[in-house]
Every structure is written in C-alpha cells, then in structure tokens.
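**Student:** Add 102 to the 1-based position in the sequence shown for my numbering, that's all there is to it.
By construction, these hints were calculated from the structure, which means they are not laboratory data.
Keep in mind that a hint or two might mislead.
Said to hold, decoys possible - Have a look at the derived ranges for each label pair, beta carbon to beta carbon: (1) L129 - S109: 24 to 32 Å; (2) V126 - L106: 36 to 44 Å; (3) L110 - L130: 40 to 48 Å; (4) K132 - S112: 36 to 44 Å; (5) D104 - K132: 29 to 37 Å; (6) L130 - S109: 30 to 38 Å; (7) A124 - D104: 41 to 49 Å; (8) H107 - S127: 27 to 35 Å; (9) W131 - I111: 40 to 48 Å.
In this text, a Cβ means the ideal position worked out from N, Cα and C, and glycines have one as well.
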Amino acid sequence: MDHLHRSLISTVNVAFFTLSHALVSDLLWKGTVLKRPPHTALDIRRSYRVSRWKPPPF
C-alpha cells in the first residue's frame, strides 16, 4: 500500500512538472512570437529558469 501511494505521488509530480513546463513554454513561445520582452523581473527570472529546465530524473 505504501509503495502504491509513493508511486502515485511520483506520477502526479511528473504530470504536474510536465504540465507546468509545457504551459510556461507556451507562454514564452507566444511572447517570443509577439516580440514582447518580459515585463517584470519575475518574468525574466521565470524565462531564465525555464531555459535551464531539465526533466526530473525518474
């Protein structure tokens, strides 16, 4: 039961990371297509972080 619970949490984490990365990448791509620079320091930090993003090792 414990192993099942852990694997379920792991699956949810992978799905969440994949979904959030896809969402942020889509937003960055739209911003690039519109030739719009990031407006805030938060956007700059986020795009920098995503550019260095690597999949979690599972």
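**Student:** Now tell me, hint by hint, if it's right for this structure.
**Tutor:** Each hint tested on the structure:
At about 31 Å, the CB distance of L129 to S109 agrees with the hint of 24 to 32 Å. In this structure the hint that V126 and L106 lie 36 to 44 Å apart at CB is violated, the actual value being about 31 Å. Distance hint for L110 and L130: a CB-CB separation of about 30 Å, inconsistent with the stated range 40 to 48 Å. With their beta carbons about 31 Å apart, K132 and S112 fall outside the hinted range of 36 to 44 Å.
Look at D104 against K132: about 42 Å separates their beta carbons, and that is not inside 29 to 37 Å. For the hinted restraint 30 to 38 Å between L130 and S109, the CB-CB distance of approximately 31 Å keeps it satisfied. Between A124 and D104 the CB atoms are about 31 Å apart, so this pair departs from the stated range of 41 to 49 Å. Separated by about 30 Å at the C-beta atoms, H107 and S127 satisfy the suggested range of 27 to 35 Å.
Look at W131 against I111: about 30 Å separates their beta carbons, and that is not inside 40 to 48 Å.
Checked against the numbered hints given earlier, the structure breaks hints 2, 3, 4, 5, 7 and 9 and satisfies all the rest.
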